Amino acid sequence: AMAAGVPVVALDAPGVRDVVEDGVNGRLLATEEASALATGLSWLAELPAQRRETLQEGARATARELSIGHTAARTRDLYRRLIQAGRSSWVGGAVLEDSPWHRARRRLAEEWKIVRNLAHALGDLLSEEEE
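First residue of the sequence shown? That's 1 in my numbering, and the numbers climb one at a time after it.
Derived by calculation from the structure, the hints in this document are not laboratory data. Be aware that one or more of the hints could be misleading.
Claimed, not checked - Label-pair restraints from in silico Cβ distances:
(1) Ile114 <-> Thr75: 38 to 44 Å
(2) Ile114 <-> Arg64: 52 to 58 Å
(3) Thr31 <-> Ala4: 24 to 30 Å
(4) Ala13 <-> Arg74: 22 to 28 Å
(5) Glu65 <-> Leu37: 21 to 27 Å
(6) Leu108 <-> Ala61: 45 to 51 Å
(7) Thr75 <-> Ala34: 38 to 44 Å
(8) Ala36 <-> Ala73: 34 to 40 Å
Given the structure is predicted, the values throughout are model-derived calculations rather than measurements. Glycine residues also receive a C-beta, built at the ideal position from the N, C-alpha and C atoms.
Take the sequences, apply the hints, and build the full model.
Have a look at this one:
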């Protein structure tokens, strides 16, 4: 509907409110009652021509922003930036090497080295006792 410039009247719910902006590209309904849908559709039908055109352009703009081509291009650009930045890329505002996961992995690696060294020392000690 939005790609055709038709403002959407929809129930305000997760996912929907990520796409439909009340008064910008459509109308969000507070309840799922038929009377709310009728009121929303009447609101849209009774808008002055200029206001309706503004909503229609908002709907088309949303459709362009969420199109497969635009979304694929944004995803491709994100991957390019991450690849160019290398392992120290920023994700969610934190450097990957400073993430809790990477810190835990480094700590476990260091602890493993300590355990390995202790095992070698114990092995050497036992070898000396046998001689």
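Now the hints, each set against the structure:
{"no.": "1", "hint": "Ile114 <-> Thr75: 38 to 44 Å", "in the structure": "holds (42 Å)"}
{"no.": "2", "hint": "Ile114 <-> Arg64: 52 to 58 Å", "in the structure": "holds (57 Å)"}
{"no.": "3", "hint": "Thr31 <-> Ala4: 24 to 30 Å", "in the structure": "holds (27 Å)"}
{"no.": "4", "hint": "Ala13 <-> Arg74: 22 to 28 Å", "in the structure": "holds (24 Å)"}
{"no.": "5", "hint": "Glu65 <-> Leu37: 21 to 27 Å", "in the structure": "holds (26 Å)"}
{"no.": "6", "hint": "Leu108 <-> Ala61: 45 to 51 Å", "in the structure": "holds (49 Å)"}
{"no.": "7", "hint": "Thr75 <-> Ala34: 38 to 44 Å", "in the structure": "holds (39 Å)"}
{"no.": "8", "hint": "Ala36 <-> Ala73: 34 to 40 Å", "in the structure": "holds (37 Å)"}
Going down the numbered hints, you'll see the structure goes against none, and every one checks out.
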